[in-house]
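**Q** Protein chains in written order, with numbering that gives the first Met the number 0: chain R, 0 to 486; chain V, 0 to 475.
One should not assume that every hint holds.
[Claimed, not checked] Pairs of lysine-lysine, PhoX-like flavour, derived with a Cα cap of 25 Å:
#1 LYS234(R) to LYS130(V)
#2 LYS235(R) to LYS115(V)
#3 LYS93(R) to LYS259(R)
#4 LYS54(V) to LYS235(R)
#5 LYS376(R) to LYS80(V)
#6 LYS19(V) to LYS235(R)
#7 LYS130(V) to LYS343(R)
#8 LYS234(R) to LYS54(V)
#9 LYS80(V) to LYS344(R)
#10 LYS80(V) to LYS343(R)
#11 LYS327(R) to LYS130(V)
#12 LYS241(R) to LYS54(V)
#13 LYS76(V) to LYS234(R)
#14 LYS355(R) to LYS80(V)
#15 LYS76(V) to LYS385(R)
#16 LYS327(R) to LYS80(V)
#17 LYS376(R) to LYS76(V)
#18 LYS76(V) to LYS241(R)
#19 LYS342(V) to LYS344(R)
#20 LYS215(V) to LYS235(R)
[Claimed, not checked] Under 8 Å between C-beta atoms, here's a sample of chain V residues computed to sit facing chain R:
#21 LEU49
#22 ASN81
#23 ASP417
[Said to hold, decoys possible] Quick list of simulated restraints, FRET-style, between CB atoms:
#24 SER366(R) to TYR257(V): 33 to 41 Å
#25 SER32(V) to LYS419(R): 51 to 59 Å
#26 SER367(R) to VAL245(V): 44 to 52 Å
#27 ALA34(R) to SER140(V): 48 to 56 Å
Hints in this document: simulated from the structure, not taken from any laboratory. For each residue, glycine too, the CB sits at the ideal point set by N, CA and C.
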Amino acid sequence: MKLLELTAVELGKKIKAGEVTVEEATRAALDAIKAKEEKVHSFVTIDEEGAMNRAKEVQKLIDDGTLTGPLAGVPVAIKDNLCTKGMLTTCSSKILYNFIPTYTAEAVLNLEKAGAVILGKTNMDEFAMGSTTETSAYGVTKNPWNTEHVPGGSSGGSCAAVAAEECFYALGSDTGGSIRQPSSFCGVTGIKPTYGTVSRYGLIAYGSSLDQIGPVAKDVTDCATILEAITSYDKKDSTSVKREDTDFTSALVDDVKGMKIGIPRDYLGEGLDPEVKTAILAAAKTLEEKGAIVEEFDLSLVEYAIPAYYVIAAAEASSNLARFDGVKYGYRTKEYEGLHNMYKKSRSEGFGPEVKRRIMLGSFVLSSGYYDAYYLKALRTKALIKQAFDKAFEKYDVILGPAAPTTAPKLGESLSDPLKMYLGDVYTVSVNLAGLPGISLPCGLDSKGLPIGLQLIGDCFKEKNIIRAAYAYEQTRTYQHSPIAQD
Amino acid sequence: MSKQYETVIGLEVHVELATKTKIFCSCSTAFGSAPNTHTCPVCTGMPGSLPVLNKQVVEYAMAVGVATNCQINQYSKFDRKNYFYPDNPQNYQISQLYLPICHDGGIEIETENGKKTIGIHEIHMEEDAGKLVHDDWEEVSLVDYNRSGVPLIEIVSEPDMRSAEEVIAYLDKLRMIIQYLGASDCKMQEGSMRADVNLSVREVGAKEFGTRTEMKNIGSFKAIARAIEAETARQIDLIESGEKVVQETRRWNDEQGYSYAMRSKEDAQDYRYFPEPDLVPIVISDEWLQQVKDNQPELRDEKLKRYQEEFGLPEYDAQILTSVKKLADVFEATTELCKKPKKVSNWLMGETMRLLKEHDMDPEDIKFSPINLAKVIELTEAGTINSSVAKDVFEKVFSEDIDPDKYVEEKGLKTVNDEGALRETIEKIIQDNPQSVEDYRNGKEKAIGFLVGQTMKAMKGKANPGMVNKILKELL
């Protein structure tokens, strides 16, 4: 059998048992990357030498009993907006084309402590702004199910790398659906945890109040295991939350008897692809058959989520991205006259069009005279959306719906109409606005053979509910490997 | 000038807080280190870094708020102020706009025209920027981020001041309060206290304020006074000649004695403030606030009163001793040891001040231990050393903080009270100085001074001067 078909936890067991060495697993992943990158282009940086050296080191630590965890020795791919000491971290932007951080993001450090071997950095929409991974300055990533289609975004590289079986698992980040939507498009599983669960220290910010780091993998077991490893209370992140219920793997139980699941009617209306709708309702049926109590309800305010999200995320981004100015690091224009000309040219040449669009939008909504009408209103909307979810979670343990209205669009289709692209985030952004945990997992293929993602949403700090429901559902299916993975 | 005008002034005072570490990271705030040695990913704006609030900053800000009679916002927030400049590594400054930590306070000042309360609109916390060094030779600018992230509070007054004298009195009072709290050393020359002056003029009796200008970062009290006089005159001239005062920011050039426009309201920046998403709101519990209130030290006005009542010092002494906290601290510690407040006051106001001046030092630079000053006083009071020896001993205490008991012993400086030995010396002096003896006997009273001096010299200054006088007169 091919090593890369294994899940992260399966590989971890084999390494522990001495059936596979860390170097063999790492070499296999690097070979897979070499064979598939031309078709998929999931990576922006591949660290072959570093990975092999690290593999040797980790093997020793496993042999001497220092590393015993389930992820020890398992090779991983990291989204390129997570700082990795000594390794290029570009956010898939020209403006950070040469940026090598002096420190490693806390979540990645946590993985290293668990014995991870970093293969490289995955492609993404520039600064995580986009839903297709087409806004990357370093070329588009293709969907391993059909390379004429996008992998989704912004964590498209991470999800494609997992689906193409170039790595055993990956880290992504999710500001408005950037883990769940590409997971859905690529037929893999991804979790966006409750805001504050995973430290954001070292995550290059897009929308600080919405960003969360999360796992992408082949199945729910992997995701729960990885999430358990990366979760930590971090004093360096003031929004980090001290939690005690982080034994997420304890929720890997095939039992949903009596679990109350609500399906927002608002999520099944206009704009939802009929094939996606059928698959989602079938998944709900499956859970019902396993003993869950499933009903439809009105969530309300759904139409306000996208405008509120784009105002808040863009506002924060316009400020977060101000530091990229050509002064301290990254791209500086070649010729300029004076400071302001240097700023202007460096930023004009360094940022791509989607990033510029959001910086301009964000600057506009924060301008004096517009602040109340846009930004403040968006904050109020955010609070109301949270209230709507609070109300729903008084009744339901889990909210079920699609991760995206359609399956993966064709390359080049989305960027011509950004507003339409933004509307594709309708089912994911409110989860970020309300700070909730969400999971996306495969629930079938459409008639074009493209994966459909089922999204389960939990109340704050109730990851275990969605992990349990997702795990139970997953037991009724077998993992489908993408065509590229089977090459 | 036919019309009468009044000047309306409000101040924005920035004070660097005396914390050991920066406001949002654990880098040192120490002055004078090599460029960019007190830096980390946070205070250099590296991608992915996040701020964490230094609790001591909140505590100092609260203490200043309490001492200036402000309301404390027990729920306050940080906001981002967005503007591009290379000394500002993130291109935004973390400050407080919407919910500052303190608001609606005020302090009482006293000028020749009597007492008056100056309102404080708000006090907010923020981070300092780095420093730009322009290298004209190389035609480059360099940035030093050692100051980036040093904690500041900005104290915004109401437009309640009407003259340079009131402004100076307000600044002086503010400085004193903050120094007493230990929240900052408030040294204007070193930039740990900086003031922006908002000034307008209007006809006496007018209800509306005139158009104001802002003068930024003036370096000393004297310069502030000069800038106020000049700006007042400039605005009155404009009005008198039928022109309009333009709302603008001006830079005061103290050497040349004039100000020039930096930027007008039209090109004023839109800072696009919004709540800082990387920090959680600051929640101050009732207990914490009470604790800060309970820990407030005695401030100057209270000390001033107590020194007169408890120690019976003249107001003049109390004024000087309390003018600098260090002086008051030394006074209290020394008095506690020797229980002679007036003597301690005399030593501090006399010899200590003289030596400070001689060495070009500030009272803050006093190094000697109160116990050693107390010993000098005790030695003098007991007659163990005479006053001129005491001054010499104190000079040693002042510069090297020596132990006076040991020093007097080792150097053999004890006053000689042995009458026989004294009489012997004086007899010899009389013999050696017949001219002075003659002069004295002929009624020249002053001549005895010379003979006393000669005796002291012969006794190496250790003689008891009273006894010398008595024996001399007897023998003459």
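**Q** Given a cut of 8 Å on the nearest C-beta pair, is the interface hint for ASP417(V) held or broken against chain R?
**A** violated, 72 Å
**Q** Is the hinted pair LYS376(R) and LYS80(V) satisfied, with a Cα-Cα distance of at most 25 Å?
**A** holds, 20 Å
**Q** With a cut-off of 25 Å on the C-alpha distance, tell me whether LYS76(V) and LYS241(R) pass.
**A** Holds: LYS76(V) and LYS241(R) sit about 21 Å apart, inside 25 Å.
**Q** May I ask you to test the interface hint for ASN81(V) with respect to chain R, counting a Cβ-Cβ separation under 8 Å as satisfied?
**A** holds, 5 Å
**Q** So if I understand the rule, the pair passes when the alpha-carbon distance is 25 Å or less; does LYS235(R) with LYS115(V) pass?
**A** Measuring from Cα to Cα gives roughly 46 Å; hence the hint is violated.
**Q** Mind checking the alpha carbons of LYS215(V) and LYS235(R) for me, to see if they're no more than 25 Å apart?
**A** At roughly 35 Å apart (the allowed maximum being 25 Å), LYS235(R) and LYS215(V) break the hint.
**Q** Range first: 51 to 59 Å. Now tell me if the beta carbons of SER32(V) and LYS419(R) are that far apart.
**A** For SER32(V) and LYS419(R) the Cβ distance comes to about 55 Å; the hint holds.
**Q** Between LYS76(V) and LYS234(R), does the CA-CA distance stay at or below 25 Å?
**A** Given that 25 Å is the threshold and the Cα spacing comes to 19 Å, the pair holds.
**Q** Assess, step by step, whether the Cα of LYS54(V) is no farther than 25 Å from the Cα of LYS235(R), and give holds or violated.
**A** Roughly 14 Å between the alpha carbons, so the hint for LYS54(V) and LYS235(R) holds.
**Q** Would the pair LYS130(V) and LYS343(R) pass a check requiring their Cα atoms to be no farther apart than 25 Å?
**A** holds, 22 Å
**Q** Regarding the pair LYS80(V) and LYS343(R), is the alpha-carbon distance no greater than 25 Å?
**A** holds, 20 Å
**Q** Taken at face value, is the distance from the CA of LYS76(V) to the CA of LYS376(R) at most 25 Å?
**A** holds, 19 Å
In the structure shown, a violation is registered for the earlier hints numbered 1, 2, 3, 19, 20, 23 and 26, in ascending order.
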